[in-house]
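8 protein chains.
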Amino acid sequence: MDRSHVESLLDAVARGEIAASDAAERLARLPTSDLGFARVDTHRELRTGLPEVIFGPGKTPAQIRSIAAELLASPGGPLLVTKTTREAYAAVLDVAPEARFVEPAGTIVVRPSSESPVAAVAVVAAGTSDLPIAQEAIATAEACALKVDPIFDVGVAGVHRVLAVQDRLRAADAVIVVAGMDGALPGVVAGLTPAPVVAVPTSIGYGASFGGLAALLTMLNACAPGISVVNIDNGFGAAVVAARIVASRSRR
Amino acid sequence: MDRSHVESLLDAVARGEIAASDAAERLARLPTSDLGFARVDTHRELRTGLPEVIFGPGKTPAQIRSIAAELLASPGGPLLVTKTTREAYAAVLDVAPEARFVEPAGTIVVRPSSESPVAAVAVVAAGTSDLPIAQEAIATAEACALKVDPIFDVGVAGVHRVLAVQDRLRAADAVIVVAGMDGALPGVVAGLTPAPVVAVPTSIGYGASFGGLAALLTMLNACAPGISVVNIDNGFGAAVVAARIVASRSRR
Amino acid sequence: MDRSHVESLLDAVARGEIAASDAAERLARLPTSDLGFARVDTHRELRTGLPEVIFGPGKTPAQIRSIAAELLASPGGPLLVTKTTREAYAAVLDVAPEARFVEPAGTIVVRPSSESPVAAVAVVAAGTSDLPIAQEAIATAEACALKVDPIFDVGVAGVHRVLAVQDRLRAADAVIVVAGMDGALPGVVAGLTPAPVVAVPTSIGYGASFGGLAALLTMLNACAPGISVVNIDNGFGAAVVAARIVASRSRR
Amino acid sequence: MDRSHVESLLDAVARGEIAASDAAERLARLPTSDLGFARVDTHRELRTGLPEVIFGPGKTPAQIRSIAAELLASPGGPLLVTKTTREAYAAVLDVAPEARFVEPAGTIVVRPSSESPVAAVAVVAAGTSDLPIAQEAIATAEACALKVDPIFDVGVAGVHRVLAVQDRLRAADAVIVVAGMDGALPGVVAGLTPAPVVAVPTSIGYGASFGGLAALLTMLNACAPGISVVNIDNGFGAAVVAARIVASRSRR
Amino acid sequence: MDRSHVESLLDAVARGEIAASDAAERLARLPTSDLGFARVDTHRELRTGLPEVIFGPGKTPAQIRSIAAELLASPGGPLLVTKTTREAYAAVLDVAPEARFVEPAGTIVVRPSSESPVAAVAVVAAGTSDLPIAQEAIATAEACALKVDPIFDVGVAGVHRVLAVQDRLRAADAVIVVAGMDGALPGVVAGLTPAPVVAVPTSIGYGASFGGLAALLTMLNACAPGISVVNIDNGFGAAVVAARIVASRSRR
Amino acid sequence: MDRSHVESLLDAVARGEIAASDAAERLARLPTSDLGFARVDTHRELRTGLPEVIFGPGKTPAQIRSIAAELLASPGGPLLVTKTTREAYAAVLDVAPEARFVEPAGTIVVRPSSESPVAAVAVVAAGTSDLPIAQEAIATAEACALKVDPIFDVGVAGVHRVLAVQDRLRAADAVIVVAGMDGALPGVVAGLTPAPVVAVPTSIGYGASFGGLAALLTMLNACAPGISVVNIDNGFGAAVVAARIVASRSRR
Amino acid sequence: MDRSHVESLLDAVARGEIAASDAAERLARLPTSDLGFARVDTHRELRTGLPEVIFGPGKTPAQIRSIAAELLASPGGPLLVTKTTREAYAAVLDVAPEARFVEPAGTIVVRPSSESPVAAVAVVAAGTSDLPIAQEAIATAEACALKVDPIFDVGVAGVHRVLAVQDRLRAADAVIVVAGMDGALPGVVAGLTPAPVVAVPTSIGYGASFGGLAALLTMLNACAPGISVVNIDNGFGAAVVAARIVASRSRR
Amino acid sequence: MDRSHVESLLDAVARGEIAASDAAERLARLPTSDLGFARVDTHRELRTGLPEVIFGPGKTPAQIRSIAAELLASPGGPLLVTKTTREAYAAVLDVAPEARFVEPAGTIVVRPSSESPVAAVAVVAAGTSDLPIAQEAIATAEACALKVDPIFDVGVAGVHRVLAVQDRLRAADAVIVVAGMDGALPGVVAGLTPAPVVAVPTSIGYGASFGGLAALLTMLNACAPGISVVNIDNGFGAAVVAARIVASRSRR
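Protein chains in written order, with our numbering: chain A, 1 to 252; chain B, 1 to 252; chain C, 1 to 252; chain D, 1 to 252; chain E, 1 to 252; chain F, 1 to 252; chain G, 1 to 252; chain H, 1 to 252.
Chain A with its partners taken away, still in its complex shape (with noise of 0.2 Å):
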C-alpha cells in the first residue's frame, strides 16, 4: 500500500502533475498528522493490518476522547482503550455513542469488526481473579473478528481440570493463557496442545509474586517450547498476537 501510494506520487512527478519539491514535502509528511499533542498514526493499520489501540493511563478523558475522534475521523477498523476509566468511557460516548465498556478490564472497544470470525482463539484463566485481564483479552479478540472459547479455573493445583478441556485446548488455532501468583499453567497447557500458546502474567498475588515478576519468569522459564510471553497483565497485547497469527493466514 505504502509502496504503491509512493509509485503513484512518483508517476505524477514523471507525468509533470506534481513538482519534485511538493512531492518531497508529501514524502515527508506522508504517515502522520499532527493534533499538536498526539501525532496520531493513521496510516499504522495499512502497515500493521490492525487496530489501533489508546493506552489509558496518564491521559486526561479529555485527551482520550480528542485522540479518539481523530482516530474515527477515517475509515478504519476497530479501536480500543485500554486500562482506562469509567469517566473516560463517558468521554468518548462523545465522539462514539455506539462505544462498549468492558467494565473489569476497564477496556473501551469503539467499532469493532462485523467480519465472521475465521479462527477459534482459546482464552484460560488459571483463576477467578485472574478473569479481569483475561476479558481484556476477550474483548480484543472479538473486536478483531476472532472467535473465543473461554475457559476459567484451570490452574494446575488441579491438573485434571486442565486434561479435562484438552480438546478444546487442541482445537484452538490459538491459546492465550492467563495465570498469576506461580504462572505454571501455560506449561503444562503447552504439552497439551500443537497450537502456538500466548502466556500473559498476572499481578494476582501476594508476597514473593512481586507484582506478577514470579509468573513472568515462570513463563520465560516453560520448558515446554512453543509458549512465547506478554507484559504482566497485558490481555490486550495477547489477543493481538492471536490477531496477527489468523491474520497473516488469512492473507493467504
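Please keep in mind that the hints were generated in silico from the structure rather than gathered at the bench. Certain hints may be false.
Stated by the list, open to error - The following label-pair restraints were derived from C-beta to C-beta distances:
#1 104/C <-> 7/E: 35 to 45 Å
#2 117/E <-> 70/B: 24 to 34 Å
#3 116/D <-> 114/G: 34 to 44 Å
#4 15/G <-> 149/B: 35 to 45 Å
#5 97/D <-> 21/H: 39 to 49 Å
#6 97/B <-> 11/C: 42 to 52 Å
Said to hold, decoys possible - Pulled a few chain C residues facing chain E out of the computed Cβ check, cut under 7 Å:
#7 196
#8 198
#9 220
#10 225
#11 226
#12 228
#13 230
#14 231
#15 237
#16 241
#17 244
#18 245
#19 247
What you are looking at is a predicted structure, and each value in this text was computed from that prediction instead of being measured. For each residue, glycine too, the CB sits at the ideal point set by N, CA and C.
On the provided structure of chain A, position chains B, C, D, E, F, G and H as indicated by the hints.
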C-alpha cells in the same frame, strides 16, 4: 489421537478382549516409557505436533546419546539438542551418523523435516554479535520445514536499514527478531509488518544490560502491539513458536 | 479413590452396563464440575486429603459466595477464605451461617474439623507485629484438627526468650515460625528442636526489608538444616504443610 | 569568580586591611549562609552558572516558602521548585507574586531568564502520557533562556512519525527525548541527528516496566552512541544538562 | 536431655558434690568444645536428633579433615560434607576410611545410619539435568535411614508423565521435588498427593532463570498448598526436612 | 549481672535454700516475663546497657500501650516508640503522662535520661527533606544522654557547605549522616573527620532512588573508610549505635 | 544531505532521466549496503556527523576485519573497535596498517581526526582502578578531535583533591567523570563547574557494588543538576556525547 | 592542623613574606601531591587520624608499588593493600622490605602501629568459611594498635555456642561480627553485649545467598539495635570503624 486410542481401548474392554484391570493399568502407563534416568515422552509429538528437544546444559555426552537413541528408536519428526558441545555431537554421531552440528549456536540437528516449506519466516538479527542465537533459530526453523529469510545487522541506530527491508518483513508469515543491548528492534519491526513478531532478547551487551535483562524488559514493554517474547538467548523456542503458528494454519 | 472409581467404571463397561463412548466421556469429565467462571475442584480433597481454600484478593464478595456455596454443596472437610474482607465474610454468611471470621488475619473458616487433634504444632511469632500472620496459621491449623501451642514475641534480639521456651519447641510435632524484619528466628529455633520447622517470612519491616524479601532470603539461607520456607505472609500455607506432616503420619 | 574573591581577600591581608585570623574565618564561611534548617548555597550559581532548584517532595509549603525567600533575597537567575503541589505554589506566591505554576508537571517557576534565547532544544515525547515530564523539561529550559521546539507523540511503533520530524531533530543544538514503556525512542533519534541526545525515562507503563526501570535500562544500553541519561521522570535535570551545553558554548 | 543434664548437675550442687562456682562454669561451657578455628557443636545432635553437616565451599581439605575428625571422635549419627571436591574426599579418607563419595553431587557420606528405614520418601526430579541435586538429596536421605523412591524426568511439559507416577507420589510419607528452569513441577505434584512436598529449586536453566531465582519464585507462589521450599540447589536441606518429618513421627 | 544472678542462685541451691528442680525451673524462666502477646525482655537493658524500643508499625495503639505499661512497671532507662502515630501517642499518655511526641519523626519518648551528656554527636542531614529521619536520630540520642550538634542542609552538590562545618565534624565523638537521593554525603564527611561515621540512607528521592536503595548502596560502597551503615530511614538505630560507642567508652 | 539527495532524485524523475519505478527502488535502498552478515550503515556519519564504532564482544576477529574493511572502503571519519582483543587488533592491521591499539582499554583506533581541536574536555577518574575506562574515553575523544585534560585519582574521600583541580574543571567545555565503587564524584564535580558533566559508572568495586550498579544509581540520583549518565564502563559513549556537544557548537 | 596551617600561611602573607598570589596558589594545591596517575592524599591521615589503604583490584603490581612508595616517602601511620595478590606483595617488598602478607585475606600490611593497644575488639566469625574476611579485619585492627579477641565458629544454628562466649562479647570495646549465608549472628550478638556491633556480611553461601546480598539484608534489618553494617566482604572497613571508635575515645 489420544482420545481415539482411549476409545479403542474401551471398545476392547466392552468386547471382553481386554480385562478391566489391565485396561486401568494401560491407561495409567499410556504416555511414557522409562529409561531409568529419563522418562522419554514419546507421545508428546502426537499431542503437540512438534519435534523433541534435548536441553544440553547439565547433561553428560553419554546421557545425551542415550536419550537421543531412545527418541530415534521410534519413527518421528526432527530431534534437536540445544546449547551443547562438540563432545556431545561426537556422542550423538554414534547413534545418528547423519546428525548435523551448527557450530556457533551449539545446536545438533537430527532427522530434519523433508517436507516442502509451506510458509516463510523472517529471522532478523540486530547486530553481528547476535548471529549465534539467530542461527539457533534458523536451524530449528529449517528442521521444522519452514523457509527462512535471514535479515542481519539492521539495528535501530540506523533506522533506514530497517525500512530498507520493510517489504521482506511484510511478506513473512511470522518474524523472529533477535536483539541484545537495548532490545529496541522488535518494537520498530512490529510497526512495519502485519505478521506476528516473536522477540528473542540476547545476552549480548555489558554493564547495565545485566545479561540480557535490559533487552528482555524492553521487548516486554514494547509500545507496538503484536510482539511476544521468549527467554533470553532462546532462538530454539522462538522458532518452535513460529512452527506452531504455521502448523496451526496447515491443519485447517 | 480415583483409581477405584476408574476401575469400577471400566467394570461397568466390561459388563456392558455403560457404553464405551459414554465411559470415555465420563473419564474426560471426571474430576471437575463447571460454574462458568470457576471450575471447582471437588475431587482435590480426595486426592490430597486436605481442605479447599479460596484465595480472597481479586475476587468480589459475590464470586466468593458462589464458589463457597458450590464447595459446600458436597460433603467434605474444612473450607477457608484467606486474605479477605469483612464484606466477603458477610456474603459467605448467606451460604454458611456458622462461618467464623478471624479479623486481623482476614480469614474466614467454615466447617472446621471436629476430630480430636492427633498432634501438636507450635506456632512461634517473633514480634507482636507478626501476630496477624501467626493467627492465619493458627486458624488454619485448628480447622485441620491440629492442637496449637502459640508462642509469641520471642525475637532473637533477646535470645534468652527463645531458650526459655525450648521445651515447648522440642515437644511439638512441627514448628511454624513467623518472623519479619531480619527473619533470623527460624535458624535459631531449628537448632533447638528436632521437629521440622516451617518458616513464614512476613512483610513487617521497612527500608531494606523490601516487603519481606530480606526475611525470605534469611530463612532460605539459614545455617541450621531442617527448615523449609513458604511465601511471604503465607500463614495459611505453613499450616497446611504442618497438617500434611501429621496427616501423612496418621495414614500409617 | 571564587578564585578572584579569594585573591582580593588575600590582597587585603597583604595590605594589612584585614587581619589574618579574620581572613581565615571568612575563608571558612565563604560559600554559605545558614537558615537553621537549610544551608542555602547562594554561591552555587556563581560556581556553576545555573539556576537554583528546590526539590519539592518531603518539604512542607512553609519550608519551601522560607527557602525560596532566602534565595530570592539576593539577585540571581531563575529559581524552580519541582514535583510540588498547588499548596506549595500558594505559599511561594507570598514571597514571589509573579511565580508561575506548570500544573501537570507540578513545577513552580520564579524569575525566569529574560535574555534572548541563543540556542534551540528539541523536546521530544514518545506518547501523550509522557507529556507532564516533557512539560517539566520545557518549563525549565525556557526559564534558562533556551528556545524549545516541542515534538510530541512520535513513538517508535510508527517509525515514520520519527522520520517525518528528522529535519527538526537535526536543527536542534540538543535533543531531549522523554519516553516511558520500552524507552526505545532515544536510540532511534540519536541515529537521525548529530546533536547530543539527553534521554529521560518516565515511569509511564505497567507490569514489567517496573516504574520506569525498563525504559531506563533500554536507554543506558542504546546502540546508537551520543545518548546520555538522567533519572526516571527527571525532566528538570535533562533541561539543565541542555542549558549547560549551551552555556558552555556561549562562554567562548 | 539438656534439661536432665542440668538437673543432675544441680542435684550434685545440692548434694555438695560440685561447688556452685564450678557448676556455673560448667553451665557456661556446656554445649561446645573448641578447636581454635571451629567450635564444633557436638551437642547439636542431642538437641535436634539429626546428623552434622560440614558445608564444603570456602574450607580447605585440611580444615574439612580436622572438623570431621573432631566430630567423629565422639559416637553419633551420620556426618555429611556437601558441595565439596574429590580433594576434600581424599583428605576425609585419612580420618574415615569408610567414607563414600557421591560424585555428581559432590557429597561425602560418613557413618550412615544402619537402622531399617521406617518411612519412604519419593525424590522426584523434573529433568536429567537436575539429577546431581536429586542425588545429594538421596544420599542424605539414605544416610538418615529413609527409604527413597527415585522418580526421574517427569517434567510438566508432558504432564501425563507425572500422572503416570501418581500412585507412588501418594504412597510416600514425604515428597522431595527437584526442578530447575520454570520450577512448575512441585505445584502439580502437590495437587496429586496428600504428603508434604519439599521443593528444591535448581540453578539449571539460562537467561531469565537467573541462577535458579525463577524456579524459586515459582515454588514460593505455587497455587497448591502443602509445599515448602529450601534454598536453590539445597538437596541436602530438603532431605533433612524429610528426615525430621519422619523422626518427629517415630518419637511418638 | 546475669552471671552473678546465676551464681547466687547456685549458692542458694548449695545452701539448700532452693530445691534443685526449682532452680532448674528458674534458670529456664530467667530472662523474660510473659504478656500473652508480647514476651517483654526486661533483662535486655541489663545485658546491653541500652533503652528498650517498641517498633510501631503493625501494632494497635492498645498493644503499644500494654507493652509500654509492662516495660515502665520496672525501673529502667529510656523507652521509645518509633514510626508510630498520634493515636498511639494518645494511648501511651494513659500510662506515661510525661511522654513526649516528636511529630515529623513519629517518635514517642518516655523516661529520657537525666544524666549529663558525656559526649557530643554531630547529626548531619544532607537536605531539608531528610529532616524527619534526622529528628528521629536526635530524639533518640538525647534520650540516651548524648549532646547533639545538628548540622542541616549540607549536601555535596555544594561541597563548600560541608567544608564550612569541618571543625564541628572533627569535634564530634561520632557523626551520624542522614542522606537520601545519591547518599554521597557520608563519603565526603568521613574524609574530613576522624570520628566514626554512622550513615543513614533515607527513602527521599524518586525514580531510580528505588525507595532509598540507591543511597544505601552508595554508602556501603563509600571509598572513605570509617563508615558503617544502618537500615533505610533508621534514625533510631544510628543513634543507638552512637550511644553504644559512648557507653562503651564510659565503662572504662 | 539526505533531503537534497532525495530532491535531486525527484528532479531527475521530473526530467524523465530516471524512471519512477527505478526511483522507488533507489529510495528503498538508499541508506545501506549489504555484506550478507552485516548491513553497514555508511550513511550514518552523514546523518549524525560522528564516527562509526564496531562493538567487539561476540564478534570473531575475521568478522571485525571484514566490517572494518567495508567501512574504510569509503572516505569518512574515525573508526573505533571497542572492548576487543589483541587478536582482533592483529586482524584489523591487515586492512588498516596504521591502526593503533590502546591496550588497557581494549580499543582500536583507525583514521583519527587530524583537525585541530576546537574544544577541551576534562576526563576525570576517581581512582587508579578506573583508568582503563578513562583511557577508552580519552582515545575516543582524541580520535574525534577533542583536546583532553586528564585529571586522575581525585576521589571524594579526599575532597580537597577535587577542589585543587577546580579551575581545570571550570575551564572545560564538557567534563567526563569516571568512577566506580560509590560513584559519588560526578555529584561533587557538577557543583564546581558550569560545564555539562557526563558520568561514567565503572564496574570497579566488590560486594554490594553489584558490578557497577551502585555507582550507576548514585549518578542517576545525584543532587547536583547538570549530570547525565552513560552505561557502566562506557567510556566510548561518554566521549561521543562530548564530541556531539562540541560538534553541535561548531556547526553554528 | 589544616586550620593552623592556613593561619600561618595567612600570617606570612600579612608579614609580607609570601605574595598573595603565591598564597592563593598554595591554598589551591595544599592537600595533594600529584603522581600523574594517582593523586596521593598525604594529608588525609592528618584530617582523619587513620591509615591509608590501597584497594588492590584493577591495579597492576607496578601501580601498587608506585603508590605505596609515594605514601611511604613521608612519615605516617600504617599502610594496607587489600584484596590483592602475591604478585603485588612481591612488588611492594621492593619499596617496603618489612611488609607482611596475610595470605587467605590477600592483605599486605606495612608500617603497623607499634603503640600499645588501648582497647580490645572482639572479631567473631560465624563459620570456618568466613575466616579469610575475619583475618582481613584482624590484620587491619592490629595494624591500628587494637588488641583483638578472635572468636570463631559460633553460628546461630547452635546458639549455645554464642552464649558460651557471652562474657568475652561483653568485655570488648567494639565487636566485629563476620557472617555469610543467613547473616543472623550479629542480631544475636547485639542482644548479648552493650558494645557497638559492626557487622560484615560475607559472600559465603550459594543459591539465594546471591553473593552475600541475603546476609547484608539480614544485618540491615536486624531487630536488635546497636548494629551497623559495612560492605560485603569488607573486613578492612569494619576494622577501621572499630579503630575510629577507639581513636575518638583516646582523643578525650
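Checked hints:
no. : hint                        : in the structure
1   : 104/C <-> 7/E: 35 to 45 Å   : holds (40 Å)
2   : 117/E <-> 70/B: 24 to 34 Å  : holds (32 Å)
3   : 116/D <-> 114/G: 34 to 44 Å : holds (37 Å)
4   : 15/G <-> 149/B: 35 to 45 Å  : holds (37 Å)
5   : 97/D <-> 21/H: 39 to 49 Å   : holds (46 Å)
6   : 97/B <-> 11/C: 42 to 52 Å   : holds (51 Å)
7   : 196                         : holds (4 Å)
8   : 198                         : holds (6 Å)
9   : 220                         : holds (5 Å)
10  : 225                         : holds (4 Å)
11  : 226                         : holds (5 Å)
12  : 228                         : holds (4 Å)
13  : 230                         : holds (5 Å)
14  : 231                         : holds (5 Å)
15  : 237                         : holds (5 Å)
16  : 241                         : holds (5 Å)
17  : 244                         : holds (4 Å)
18  : 245                         : holds (5 Å)
19  : 247                         : holds (6 Å)
Checked against the numbered hints given earlier, this structure breaks none of them.
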